[in-house]
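Colleague: Same order as they appear, the protein sequences are chains C and E. Numbering-wise, UniProt numbering puts 292 at position 292 of the first sequence, and it's gapless, one number per residue. Numbering-wise, UniProt numbering puts 147 at position 147 of the second sequence, and it's gapless, one number per residue.
These are calculated hints, taken from the structure and not from any lab test. Bear in mind the structure is a predicted one, so any value in this text is a computation, not a measurement. Hints may contain errors.
Unchecked claim - Here are the simulated EDC-like pairs of lysine to aspartate or glutamate, each with C-alpha atoms no more than 16 Å apart in a straight line:
no., chain 1, residue 1, chain 2, residue 2
1, C, K207, E, E119
2, C, K240, C, D283
3, C, K296, E, E167
4, C, K380, E, E178
5, C, K266, C, D208
6, C, K240, C, E258
7, C, K374, C, D303
8, C, K383, E, E178
9, E, K164, C, D208
10, C, K413, C, E238
11, C, K176, C, D248
12, C, K340, C, D283
13, C, K374, E, E178
14, C, K355, C, D303
15, C, K70, C, E258
16, C, K400, C, E342
17, C, K340, C, D247
18, C, K204, C, E258
19, E, K244, E, E302
20, E, K114, C, E342
21, C, K340, C, E284
22, C, K266, E, E167
23, C, K373, E, E178
24, C, K176, C, E238
25, C, K355, C, E258
26, C, K373, E, E167
27, E, K244, C, D153
28, C, K70, C, D47
29, C, K255, C, E230
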Amino acid sequence: MRTRKWIKSISVLCAVIIATPFLAGCWDRLEIEERAVVLGVSIDTVDTEEAEQEEDEVSHVHGTLPAPRKGMVRVAVQIALPGRIPLGPGESGGGGKGSVGQTVWVIDVVGHSINDAFMNLQQQISSRLFFGHLRVIVVSEAVARRGLENVNDYFRRNSEVRRMAWLMISKGQARKLMMAAPPLERVPTLYLMSTLDEGIRMGKFPKDFIGMFWSNVSKKGQEGFLPYVEIKKEQNVEIKGLAYFVDDHMVGVTKPLEIAGYLAVKGINPAGYRVFVQLDGADEAVMTTATHRRSKISVQIKDDVPHFTIDIGIELNLEGKVSENVQIDNPAVMQMIENKQEEASVIFYSNIIKKSQEKGSDYFGFGEIVRAKKPQYWNKRIKTAEGWRNMYKDCTFDVKVSMKVRRIGMKGK
Amino acid sequence: MEPRQITVIQASAVLVSTIIGVGVLALPLFAVRAADSGGPLVTFLAVLLAFVGLALITWLGIRFPDQTIIRYSEVIIGRWLAWIGSMLIILFFAVLTSLTAREFGEVVVTSVLKSTPVEVTVIVMLLLAAISTRHGITTFAHIHTFYVPFLLIPVLVIVALSLKNAEAINLLPIWGNEQGGMLKGTLTVAALFQGAFILTAVIPAMKHPEKAMKASFWGMVIAGGLYIVIVAATISVFGSEEIKQLLWPTLELAKATTLPANILERLDAAFLAVWVTAVFTTLFSSYFFTIYAMSHLFRLREHKLFSYFILPFVFVMAMLPQNIIQMYEIIESVGRIGLIITTGYPGLLLIVSILRKKRGNRVADKKVDQID
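Extracted from the complex, chain C is given alone in its bound form (with noise of 0.2 Å):
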């Protein structure tokens, strides 16, 4: 009896001593501190022999890999500093009038492509470079011109980085909007995407994540379009307007008051873009907010080719005049404002919709309309994304607008 319950006590000993180092969960630990978390990538174009001149043999040798007809890139990157990113309001850490270094750390390299400039940079620093919390993505407007196919698949292929990241393109260096510290946040890459994150929420700006963009430029019937920004002098950050694509080369972009219009064909809510609206003088003008849009496009076969009904309706309020010219006192007035802004509007979406039309992208998504409601004409005449590209320019556009201005304010007249 003795020697069983020796031999018992033994046997679960023995167990938990096996089981321990891998219940305790410390064998694989990896410490914060010893990653380098990325908060924010910029892509720059570089140029080639400056580049090869930088670039030490990592990946490959120098002089067996011809540098890529697209050229070189410049990759800077934000890694968080642990610590030094304050959790609460209440520690000071890293806060006040901060300069970029104080809770992030930019480094830059070159490559000869995304990846190829990760490499680089993971051999000149110690900890491993982890994607889980990348934010933001800029780049350039010259590299995004060029080509994003390279950017798109690194991304992509990488399980870290997730889809609701944001991609942008910006004008000028994109590095710089890696240096910029606004003093609003803390974490530079954080006041880049709230500023695009609020955007949506005032209804500036469409949501376009990365996988959306993805998922657009993956469309036979629509093509992508990313956020356009340029950074101002106070390190603030300025939606430019939409930076829209042709399969993935940037093609053109558009104006920030275009943004809007781009909205309202969408029917996108909420909506919150202010226009002037011209009356009779020069003096007669007032300003409106759309609060609420809607939109139904429905297509018809003319001729053989695509035509487009959209019909916009937009609610208003007013909120402000110029002069004291206008009384706005009763309803023929109000009615009045109302067909201005429908007539301006009318020729002002036309007129996106034409720009879209000559460039040959058609970021709104008009072909993958026709592919879901014509099936047959689609599958008969376009069938591929080079198809719908050609058959876009041709493409003819109805667009009715009906605004109805619904409040006017705290002012009686």
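Please arrange chain E on chain C, whose structure you already have, making use of the hints.
Modeller: Then chain E, alone, in the frame of chain C:
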């Protein structure tokens, strides 16, 4: 020897949790390759096809309520022919087990445990299944019933939340623009339902085997419905062309989905946790069926003996595919060949048994697994 204990609800739970498995990750890709925006339709056709196969084995099971397919096939077509058929079934399920384990390993190594060798993840999963198979069929049914809510609820939650980004236009036209691969795609997707064959082992242990058809109907409705919902949600969020660019669209869907108020900004980790359970139950079923069928073929009293015996074979087979592309090719072709075994063979048996007017004993409250 166990008494007949499995209820109709448990039998359908076994079906649901067996069917929902490793395949959900690649499912939208298979469906979209067949007929782009017609993916949900392809899945629906596949569900119908799979239900035909399931109905055949249920019907056979009702005709022979006391025996598994291994035993009644001997009654129907004679000992030697049946022996060949049974060997094929056993071999097929052994291969299915190993491929499930390997696919699981590949996903885990690619997306979460990047520095763990694939051998480790595979062997851990197989061991887990092997240990669990050392119990009787009643315990087997209990384990499945226990896990079903853990499979269904989180998947439905993710699908519901993902609909925030959905666009209905991606689902049109419902029959797809290019239906070239419709037939092949339907077969590929239908092959994901083959785990349902486990019902042949469950029926002889059911309290009321005559109600087995009810179990298989509900099992297929729930599992098939979930599959259709997953495909529809994935296509409506990404669009069919984007899905062709993704290896595991369902995982990507979880990645693109956030809990309200940004409590969790990506649900792929949560989804993978659920999916591990789903893989386990599928693996458990196919492993269990392999050894259960073997013990019946060799007329052994116990199947436990084989639990560890086949482990090395299954493991080695799991390691055979050289890379992930080859693995998916093998999975697709094995799946389609398997349809002959899991649908064609029972169909043949049923026809012969009707022609030869063979049927088993009427069910009495007897013990299962009796050796005659």
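Colleague: Each hint should be assessed against the structure and marked as holding or not.
Modeller: Checked hints:
1. C:K207 - E:E119: Violated: K207 of chain C and E119 of chain E sit about 42 Å apart, past 16 Å.
2. C:K240 - C:D283: violated (28 Å)
3. C:K296 - E:E167: Holds, because 14 Å separates the two Cα atoms, which is no more than 16 Å.
4. C:K380 - E:E178: holds (11 Å)
5. C:K266 - C:D208: holds (13 Å)
6. C:K240 - C:E258: Status holds; Cα separation ~10 Å.
7. C:K374 - C:D303: OK: K374 of chain C and D303 of chain C at ~14 Å, within 16 Å.
8. C:K383 - E:E178: holds (9 Å)
9. E:K164 - C:D208: holds (14 Å)
10. C:K413 - C:E238: violated (34 Å)
11. C:K176 - C:D248: violated (23 Å)
12. C:K340 - C:D283: Holds: K340 of chain C and D283 of chain C sit about 15 Å apart, inside 16 Å.
13. C:K374 - E:E178: holds (13 Å)
14. C:K355 - C:D303: violated (23 Å)
15. C:K70 - C:E258: violated (30 Å)
16. C:K400 - C:E342: holds (8 Å)
17. C:K340 - C:D247: violated (38 Å)
18. C:K204 - C:E258: The given pair, whose Cα atoms are some 10 Å apart, holds under the 16 Å limit.
19. E:K244 - E:E302: violated (46 Å)
20. E:K114 - C:E342: Distance ~57 Å between K114 of chain E and E342 of chain C Cα, so the pair is violated.
21. C:K340 - C:E284: holds (12 Å)
22. C:K266 - E:E167: holds (12 Å)
23. C:K373 - E:E178: holds (15 Å)
24. C:K176 - C:E238: holds (13 Å)
25. C:K355 - C:E258: holds (11 Å)
26. C:K373 - E:E167: holds (14 Å)
27. E:K244 - C:D153: With a Cα-Cα distance of about 14 Å, the restraint between K244 of chain E and D153 of chain C holds, given a limit of 16 Å.
28. C:K70 - C:D47: holds (11 Å)
29. C:K255 - C:E230: With Cα atoms ~12 Å apart, K255 of chain C and E230 of chain C stay inside 16 Å; holds.
Against the hints set out earlier in the document, violations occur for numbers 1, 2, 10, 11, 14, 15, 17, 19 and 20.
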